[in-house]
Amino acid sequence: MKNRRIRSSLGDKIFKFLIAIFMIVFVLVTLYPVVNTLVLSFNDGTDAVRGGIYLWPRKFTLKNYSTVLALENLSIGAYITVARTILGTLISLGLNALLAFVVSRKRFMFKSQLSLFWVITMYVNGGLVPTFILYRNLNLTNSFWVYVIPGLISAWNMLVIRTYMQGIPDSLEESAQLDGAGYFTIFTRIISPLCKPVYATIALFAAVYHWNSWFDAMLYNRMKTEYTTLQYELMKLLSSVMQQGGSADTAKFGSGQVTPVVIRASATIVTMAPIICLYPFLQRYFVAGLTIGGVKE
Amino acid sequence: MKRRFISMFLVSAMAASMMMGCGSAAGNDSTGSGASGSGDAASGDVTEFSYFITMPGSEINSDNEIQQVIAEKTGVKVKETWLTGQSAEEAVGTLVAGGEYPDYLCTDDMTTLLDAGALIPLDEYIDAYPEFKNEWYTEAEWEKFRQPDGHIYWINQFENTHGDSKKTTHNDEAFWIQNKVLKWANYPKLETMDDYFDLIERYIAENPTMEDGTEYIGYTILCEDWRYFCLENAGQFLGGYPNDGSVIVNKDTMTIEDYNTSDDTIKYFKKLNEEYQKGIVDPESFTQTYDEYIAKLSTGRVLGMVDQWWDFQENVNGAFKTQGLDEAGCNYIPLGLTTEAGMDNRWHTYDDTVNCANGIAISVDCADPEKAFKFIVDTCMDQELIDLRVWGLEGVDYLVDDQGLYYRTDEMRMNAADTTYKASHLCPYSYFLSWGGTSFDGKNAMRVDEQPSEFMNGMATPLKETFDAYGVTTYPDFIGSVVEANGPWFPMYSYSNGFTTATPGGVAWTKMGECKHEWLPKVVMADDFEKGWADYMDAYNACKPEDFLSEMQAILDTFK
Amino acid sequence: MEKTASKKKFKIDWKEVKRQRFLLIVSAFFVAYGIVFYYLPLTGWLMAFENFKPRLGLLGSPFIGLDKFKFLFSDVAFLRVIRNTFCMGVLNLATTTVMAILFAILLNEIGNKFLKKSIQTISYLPHFLSWIVVVGILHNSLSSSGIINDLLLRFGVVDQAINFLAHPEYFWFIVAFANVWKETGWNAIIYLASITSIDPSLYEAASIDGADRLQKIKYITLPGIKPTIIILLIMNVGNILNVGFEVQYLLGNGLVQSVSQTIDIYVLKWGISQNDFSLGTAAGIFKSVVSIMLIVLCNHLAKKAGEEKLF
Numbered sequence: 001m002k003n004r005r006i007r008s009s010l011g012d013k014i015f016k017f018l019i020a021i022f023m024i025v026f027v028l029v030t031l032y033p034v035v036n037t038l039v040l041s042f043n044d045g046t047d048a049v050r051g052g053i054y055l056w057p058r059k060f061t062l063k064n065y066s067t068v069l070a071l072e073n074l075s076i077g078a079y080i081t082v083a084r085t086i087l088g089t090l091i092s093l094g095l096n097a098l099l100a101f102v103v104s105r106k107r108f109m110f111k112s113q114l115s116l117f118w119v120i121t122m123y124v125n126g127g128l129v130p131t132f133i134l135y136r137n138l139n140l141t142n143s144f145w146v147y148v149i150p151g152l153i154s155a156w157n158m159l160v161i162r163t164y165m166q167g168i169p170d171s172l173e174e175s176a177q178l179d180g181a182g183y184f185t186i187f188t189r190i191i192s193p194l195c196k197p198v199y200a201t202i203a204l205f206a207a208v209y210h211w212n213s214w215f216d217a218m219l220y221n222r223m224k225t226e227y228t229t230l231q232y233e234l235m236k237l238l239s240s241v242m243q244q245g246g247s248a249d250t251a252k253f254g255s256g257q258v259t260p261v262v263i264r265a266s267a268t269i270v271t272m273a274p275i276i277c278l279y280p281f282l283q284r285y286f287v288a289g290l291t292i293g294g295v296k297e
Numbered sequence: 001m002k003r004r005f006i007s008m009f010l011v012s013a014m015a016a017s018m019m020m021g022c023g024s025a026a027g028n029d030s031t032g033s034g035a036s037g038s039g040d041a042a043s044g045d046v047t048e049f050s051y052f053i054t055m056p057g058s059e060i061n062s063d064n065e066i067q068q069v070i071a072e073k074t075g076v077k078v079k080e081t082w083l084t085g086q087s088a089e090e091a092v093g094t095l096v097a098g099g100e101y102p103d104y105l106c107t108d109d110m111t112t113l114l115d116a117g118a119l120i121p122l123d124e125y126i127d128a129y130p131e132f133k134n135e136w137y138t139e140a141e142w143e144k145f146r147q148p149d150g151h152i153y154w155i156n157q158f159e160n161t162h163g164d165s166k167k168t169t170h171n172d173e174a175f176w177i178q179n180k181v182l183k184w185a186n187y188p189k190l191e192t193m194d195d196y197f198d199l200i201e202r203y204i205a206e207n208p209t210m211e212d213g214t215e216y217i218g219y220t221i222l223c224e225d226w227r228y229f230c231l232e233n234a235g236q237f238l239g240g241y242p243n244d245g246s247v248i249v250n251k252d253t254m255t256i257e258d259y260n261t262s263d264d265t266i267k268y269f270k271k272l273n274e275e276y277q278k279g280i281v282d283p284e285s286f287t288q289t290y291d292e293y294i295a296k297l298s299t300g301r302v303l304g305m306v307d308q309w310w311d312f313q314e315n316v317n318g319a320f321k322t323q324g325l326d327e328a329g330c331n332y333i334p335l336g337l338t339t340e341a342g343m344d345n346r347w348h349t350y351d352d353t354v355n356c357a358n359g360i361a362i363s364v365d366c367a368d369p370e371k372a373f374k375f376i377v378d379t380c381m382d383q384e385l386i387d388l389r390v391w392g393l394e395g396v397d398y399l400v401d402d403q404g405l406y407y408r409t410d411e412m413r414m415n416a417a418d419t420t421y422k423a424s425h426l427c428p429y430s431y432f433l434s435w436g437g438t439s440f441d442g443k444n445a446m447r448v449d450e451q452p453s454e455f456m457n458g459m460a461t462p463l464k465e466t467f468d469a470y471g472v473t474t475y476p477d478f479i480g481s482v483v484e485a486n487g488p489w490f491p492m493y494s495y496s497n498g499f500t501t502a503t504p505g506g507v508a509w510t511k512m513g514e515c516k517h518e519w520l521p522k523v524v525m526a527d528d529f530e531k532g533w534a535d536y537m538d539a540y541n542a543c544k545p546e547d548f549l550s551e552m553q554a555i556l557d558t559f560k
Numbered sequence: 001m002e003k004t005a006s007k008k009k010f011k012i013d014w015k016e017v018k019r020q021r022f023l024l025i026v027s028a029f030f031v032a033y034g035i036v037f038y039y040l041p042l043t044g045w046l047m048a049f050e051n052f053k054p055r056l057g058l059l060g061s062p063f064i065g066l067d068k069f070k071f072l073f074s075d076v077a078f079l080r081v082i083r084n085t086f087c088m089g090v091l092n093l094a095t096t097t098v099m100a101i102l103f104a105i106l107l108n109e110i111g112n113k114f115l116k117k118s119i120q121t122i123s124y125l126p127h128f129l130s131w132i133v134v135v136g137i138l139h140n141s142l143s144s145s146g147i148i149n150d151l152l153l154r155f156g157v158v159d160q161a162i163n164f165l166a167h168p169e170y171f172w173f174i175v176a177f178a179n180v181w182k183e184t185g186w187n188a189i190i191y192l193a194s195i196t197s198i199d200p201s202l203y204e205a206a207s208i209d210g211a212d213r214l215q216k217i218k219y220i221t222l223p224g225i226k227p228t229i230i231i232l233l234i235m236n237v238g239n240i241l242n243v244g245f246e247v248q249y250l251l252g253n254g255l256v257q258s259v260s261q262t263i264d265i266y267v268l269k270w271g272i273s274q275n276d277f278s279l280g281t282a283a284g285i286f287k288s289v290v291s292i293m294l295i296v297l298c299n300h301l302a303k304k305a306g307e308e309k310l311f
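Protein chains in written order, with the numbering used here: chain A, 1 to 297; chain B, 1 to 560; chain C, 1 to 311.
Treat the hints with care, as some may be off.
Some, not all, of what chain A presents toward chain B, calculated at C-beta under 8 Å [claimed, not checked]: (1) D47; (2) E72; (3) I133; (4) R222; (5) K236; (6) Q243.
Every beta carbon over 10 Å from chain C, so not counted as near; a handful from chain B, in silico [what the hints assert, rightly or not]: (7) E159; (8) Y350; (9) Q383.
No more than 27 Å apart at the CA atoms, straight line, and that leaves these computed lysine-lysine pairs for DSS-like [stated by the list, open to error]: (10) K16(A) to K116(C); (11) K267(B) to K251(B); (12) K271(B) to K183(B); (13) K106(A) to K15(C).
In short, the hints are calculated from the structure, not lab data.
All residues carry an ideal CB built from backbone N, CA and C; glycine is no exception.
Produce the entire structure from the sequences given, and follow the hints as far as they go.
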């Protein structure tokens, strides 16, 4: 008995060592592109075209950020993006959870058919033009709601929640029903509190989707500056910087101009920063120690 | 815990209702501001038009200063919207599906808009401005824009020279070489590819590395996606033909010829193959991306390449300046090489190449087409407005000397290139009609970059020396192309670009492109050129190029 | 209906319907939503059978039957892009799934909370970089003078720099690596969430029994997240043909185009850029049909093996 313990702890030590190596390599490899982007975002644009910038700016400048932050519609874009992120995330999380709850009830008579109905939606796509016509007929084009309403249910997110819910013992539902609780009560009071980790995960996915979206703004609200999104404004800036060719002026100065590579970098950092700041608040739900067991609460 | 969850829902529901409130309030607001906008229009009589251009471009701020000045003078303000992250075809597809059009439109695919009934005929408006009509195009050129129903729906904005041409740059394709290599050989006259590569070989043999020890690359080839013109079509120029792009037109017999299989092209690739084996051609040529290519050129270690001016000069020359490499003689000089010495070359096109396939159009949804058209005319016929668009505000963006010539200080140039300044201050309205050549008063250039003082400014000493050594004043002079009028079919690529898979020729055209993308690098790298070329020809002929050529011939026949 | 229902041991009768009315009403709402936003646009599939012109609309365009499908399947190039897409899809799925699970489990073994959270935060960051940034760095690293060749040369693995991107045989693996690089941390989030649902008392009991770390992973962690693994696997198998075009387009070049082009690139070249919406729709239908067949098959296999199923 004693022997085995020592052996296993030796094994544990080797194991720990291997994990450490793996994690160090992993962190270095994943951190590099991010650091490189950060570095480029502080480097002079004309200079960056030469390449060869890795871990430290060669020619430091804040011009890239001042160019991004000087965008006329940046604040409108940010406001709309925050609004759609909050609204879109909360509503879609609620609805996805509700749907997941319905299809995860073992007694529910259509659970299999309803699942299939939603599974199929993941793999079919009517295409750009029919979708556009539909949204126009629903009066969703040229409005804020085109950001929220079409993406409310995502089969993928719903099925992830469902899988998690299926892992919750039926006995909880049954005993609640014996106490006279209806399905809605079971959903809100019994199941949902146990699903916090998966809700946090899906909320993160949905929020990031909304935060990064720009294609819908471009397609449906191109002419409506008041409904522009942050990413769309950044994309427009990038596209315009890429288009600046033809001006002989730029070539005449060795430096001081923004170029696609640095604008892309600073736009990426501007987008990432808020997510990194908010992340710890969600993270505690799904990267907790083993001490928080879901079902045991 | 439970309570908190429910409250989360409540909050979201509340937020939703609030947003709905806000949303509709905002909606009201926007109609309100729209109304107040038209109220402004009543006082200042400014009409706001929208303009969608299916090209990437730079949006300007809504309070742009020069836009405001132009609006005060013309009563028109145009909000331009550009293409972002979508193909032009998709954009037009959704536009037509939606059935709501901006006031002005410009896209590569005008025919779809025309077929959809989105455009209004411009004939009567054009006739209402005879001065403009005569100035902008000749009668024959206007005819080219006439659609099958007999009306003109769009006017192309570019490639139109007023008065004397002021072209200083060779914007097209050429073999380029660093001026220090020319200086090293005491400015020789290079006429053929053999001369060119011989010089590069000799230079590298004597100077294998740069001062900092970086090895020179004799010649690199950009092949990334559509930019593979840097590899693909030099054969037509080497044979002395102009840039018809997809085919050669034999003017004597009025027949279409395929430059892909011409003797000039075979010689060209054979030479590249030879140089590849010698190690002069960059071994990374065929895998490098555009960014890597530009970075490579920017280090000054690449002595030569084939490219078009607009594709590299801005970035590369800027980087040279940063490092002082321009003073070290790294700037590139274009050469008009041919297969044999003494042949005429057509690398440079002197004529305007009027593109009748697209241009600016006015949509059926435009409330005041008369005013919209007047604005098109004003912005290209009134020198004051042209100066505002091109140069900016006098005293702020440019100065005028005693002779009435416009010039800029370094600070003004710096501003003109600044993204933020451009958005808030400059208003080029770049997809309205734009002139090249000389201004209406005959003093200045219509384009800033063609103003002699602007061109000569900041030119590095070695570059000036090279200009002097060859006794030239502009880049096209280096090439020395013959001046010869192009046929009315020129350029043939304007037709092949419109080919689709609906016809066998279109299918063949796409397949030929794919085949060349894959095989041309292999041909250059082949150990045995003859075998490599034969294998390539097998693959090439399997694409049925004859289908493509016969359709091009049919188009050419319409000009007989 | 009643028959299958009774098999599942719940009897369906009026009483049961009444009991489930909340579920039924909610379902009806979701079905209506799904029909409007996901199934109604499928009328666009008509385009695949006609020579679609935007001005004529969906109903007015001339009908051409199966011509577009015939065009696709008679083109050797299309068959080749199916092969490329399929192989890259399988390779990507296998590598990204294994790496995400491995990373999640190993991360979970780290005792120090701060360290754990920091590593996790770093790991998902590349997800926010656009492909053009990630591929740009990868492209540089793989070039003759890049870091990979530098290391290989320094350690004497090769004696001449390899131009990796000129060799078709490496291409699929480079694409798989790019996906692993960018998405491992992000994909692992879902497994991490799943691990938190495992009852900690199981680990305590195992410790008392003298199980070492590997045994705990094998007998507790992995079985605990198995349902999640299987569901994600089935869903992703359906996405095998959706490997996209960005990475392949950005990494590809003429020399490797016979292995680098995917269905999406083909559609861009032959459809969208030539204003042919019908061809793209036909290819889209083909992908959908294959996807649905694949998930039905996988679901069936999972059901047979007594595992979690998708529907």
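Tested hints:
no.	hint	verdict
1	D47	holds (6 Å)
2	E72	holds (4 Å)
3	I133	holds (5 Å)
4	R222	holds (6 Å)
5	K236	holds (5 Å)
6	Q243	holds (4 Å)
7	E159	holds (24 Å)
8	Y350	holds (32 Å)
9	Q383	holds (40 Å)
10	K16(A) to K116(C)	holds (13 Å)
11	K267(B) to K251(B)	holds (23 Å)
12	K271(B) to K183(B)	holds (24 Å)
13	K106(A) to K15(C)	holds (17 Å)
Violated hints are absent here; each numbered hint is respected by the structure.
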